[in-house]
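Enquirer: Listed below are the residues making up each chain.
There are 2 protein chains.
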Amino acid sequence: MSTQAPHLTATQERSLRDIFPGDSLLLTPEQTLIFATDAGRRMGTPLAVVRPTTEAQVVELLRLARAERLPVYARGRASNQVGACVPARPGIVVSLLHMNRILDIADDDFVAEVEPGVVTSDLQRAVEARGLFYPPDPASIDISTIGGNVATCAGGMRALKYGVTREYVLGLTAVLPGGKVLRTGGRCHKNVVGLDLTRLFVGSEGTLGIVTRITLKLLPLPQATATLLAGFGSMEAAMHGVRRIFRAGILPVALEFLSPEVLDCVARRQTPPWPDSVRGALLIRLDGSRESLPLEVRRMHGALHTPGDAADGIPGNEPPVWSAHGVGRDEEEPLWAMRRGISPSSYLVRPNKIGEDIAVPRGRLLDALTGIRAIAQAHDLPILTYGHVGDGNIHVNIMYDGADPSETTRADAATVEVMHLVRSMDGTLSGEHGVGMAKKEFLHLQLSPLETELMRQVKHAFDPLGIMNPDKAY
Amino acid sequence: MSTQAPHLTATQERSLRDIFPGDSLLLTPEQTLIFATDAGRRMGTPLAVVRPTTEAQVVELLRLARAERLPVYARGRASNQVGACVPARPGIVVSLLHMNRILDIADDDFVAEVEPGVVTSDLQRAVEARGLFYPPDPASIDISTIGGNVATCAGGMRALKYGVTREYVLGLTAVLPGGKVLRTGGRCHKNVVGLDLTRLFVGSEGTLGIVTRITLKLLPLPQATATLLAGFGSMEAAMHGVRRIFRAGILPVALEFLSPEVLDCVARRQTPPWPDSVRGALLIRLDGSRESLPLEVRRMHGALHTPGDAADGIPGNEPPVWSAHGVGRDEEEPLWAMRRGISPSSYLVRPNKIGEDIAVPRGRLLDALTGIRAIAQAHDLPILTYGHVGDGNIHVNIMYDGADPSETTRADAATVEVMHLVRSMDGTLSGEHGVGMAKKEFLHLQLSPLETELMRQVKHAFDPLGIMNPDKAY
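Residue numbers (full-length UniProt numbering), protein chains in the order written: chain A, 1 to 474; chain B, 1 to 474.
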């Protein structure tokens, strides 16, 4: 092994310069450093960063990359948490932020065509101004790009009622290693011709090709929304609240849980509106027509306050001890601002975080939360649990002080235990973030050797030399 | 080439007998004949029909099939319209109707686990009895099986609001050629670990493996439903009605169109409730809570009767000339019975039918319907158009008399023209039925050589010898 730092050859550099003039090619470490990492803070080694503005440049790049066996890492805003866009082996980083045009919003087709670098909330605002609706809303919505959302099959709060990114991708253009251009699907809302290559790309974490254009399904924009915050006397009572909502036949837009530890954490930054007796909360969004929404809010209150079924024989099946609600964006905003404050305020508890996003079958939520609490106690560490309980998807933030070797060791041990706990419940290592680099070590807990082998063979069909985001995801 | 009819060797027959005792193996032509075809009426050649009751038998079968290079054709109730389950080359037909157990309905997980032979409406009734909801409802719901629905990614009326089968498959077990057992996904409503092999199976038309177990997502059952039938003065006016509904921000459960030709056809079997001035209709279903549904019905009437925007400058943008509605199953049933009567009554027009199920971008619906009408006139044939216009998905029934060689020739020519018309609008050859044998000749109009090559390579990862439903779908 050479002791010299990995670098491009002079010929490779010249070839890249031919494709990417001016500052669309970055080569110096000072320029490439910020492209070496993502929100998960793992570091890799960019040999170069290229910033295409056209599909033709991506084609040229992937011709070169195949000829030179250069690993290629596509990225948007790198809000990914698991290192999915980190150049784990030295290679070419492709920033798609300069391909950020909304190409078309077709009112009558209920379709948008976008380049991958469009920021998710920019698209949402653009379509909402025309009475249309693009539901996927990952927490990083103001930062993340549609290309990144496709690469990770991003979810979000509204996934409960409206589904994840997969449900909205009707077609796409992807450039494959070697420079071939694949166009799949189209503007039809239904299409069953051939194997579903379109959805195969969704969630593939940049391992198959570089997506350069995406056709998205849109819905009519609901007229009105409302948000309820229901505070319960215990975590158990909040989980029974989840059960009562679904048993009442209600499918909310969003159904978020806040554990007692998270409520305490929020209380460090703001004087909370809830009384001390609240030890677990549900944040619930509903939508509908202006006429019917007030009735639905009343119905939700009714479902939450229905006395627990005594036959259940389960302790803690009590209604909320406190609640609040807001109708319309202005009234709802303070409640969602509080929700968004969880992640920043978690650092008031400890300076470092291991953030997991496990999911379990919905009926196992209370078991999972109880098990995670026991792991926190066993390791004497704060673990914050919150998130999309309607989907069985829980964010698990294991907080620790990285300057304290003992806490660091215990945090790592707690992470391993959380993963084993989740798998013992037929849960998944990731409901939203993906695998990237961070979860590769746990993959064997979930994927069988046969599954992994098939995934690799499928990848091989698209990327026979293994240069697209190698060593990631599966 | 041998002139002898294709048949199993004595050894192959003995091996099959070892796996499939008694009448779980059918060998004589009288027994196997009905397994040679599907609802599309194409015929193939079953060398044998096997009827497994266990996964272990399927494993043994696929070991044998690989060793003997025997083509394998899985089937449920064979309600498929395009020959997807016809043994196009002589091979083993695998009827999954004896694997028809509902293994679990998990109220709190909102999940059902089923074997592939469960009839779709049986599952729906079972889950609805427990306040749960499985939305996909292909027209063949009382016949079709969940396994067949997965193989074709079945849609149905409710796809507009609730999506297609793909959206409900959380995991599955499939036996691959050679007998390896693949388990993908699980009971989590969200899961982004690895490539999405689960959805790759959905719509794969039996070309990758035999699915033996399916985990389905369920929703809470909506409390109430209502149905409206709105009759318009013209096809154009009905299409503008579709536009007004979406512009009002309404996403109905179902939004079905009936062309004037279809209304005439229905009138041959029953005295229609609508006046003669109705020359195009929309059949619309809504659902929701008991309290809000009446408001939503009123809102739908409002949207339909909103005067057309003069600025549109489009002729035919007029409100319905007649309408009716029913709330609750009993009142709605006559309207849906009328809808279900379309297919049988179409045979009163002509004894033979070429049934297509194209889809176009939603904004091109009127263009597509107008173009199809022109094709009907040019070939002097009745073409009945109806179906899921909310999804841009239109059933196109080209009616002809198979005893009349001229009509037969014209029907074939009209089919080719419909396919070219659809593709000129960026439409798809199939929104629901799939490709099977029937649409292979048109595939080149839609799939690029690169797409086809990638699909074949993906298939190769699962089925390297090409024995799973060969020569179909892509």
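Hints are computed from structural coordinates only; laboratory data are not their basis.
Heads up, a few of these hints could be off.
No copy is singled out in the list; a pair is fine if it fits within one copy or between any two copies.
Stated by the list, open to error - Okay, derived cross-link-like pairs now, DSS-like style, lysine-lysine, Cα gap no bigger than 27 Å in a straight line:
no., residue 1, residue 2
1, Lys353, Lys161
2, Lys440, Lys180
3, Lys180, Lys217
4, Lys180, Lys161
5, Lys161, Lys440
6, Lys180, Lys353
7, Lys217, Lys353
Values in this document were obtained by computation on a predicted structure and should not be read as measured data.
Enquirer: With reference to the structure, classify each hint as holding or not holding.
Expert: Verification of the supplied hints:
{"no.": "1", "hint": "Lys353 to Lys161", "result": "neither (30 Å within a copy, 39 Å between copies)"}
{"no.": "2", "hint": "Lys440 to Lys180", "result": "between (29 Å within a copy, 24 Å between copies)"}
{"no.": "3", "hint": "Lys180 to Lys217", "result": "within (25 Å within a copy, 37 Å between copies)"}
{"no.": "4", "hint": "Lys180 to Lys161", "result": "neither (37 Å within a copy, 36 Å between copies)"}
{"no.": "5", "hint": "Lys161 to Lys440", "result": "neither (30 Å within a copy, 37 Å between copies)"}
{"no.": "6", "hint": "Lys180 to Lys353", "result": "neither (41 Å within a copy, 41 Å between copies)"}
{"no.": "7", "hint": "Lys217 to Lys353", "result": "neither (36 Å within a copy, 33 Å between copies)"}
Checked against the numbered hints above, the structure breaks hints 1, 4, 5, 6, 7 and satisfies the rest.
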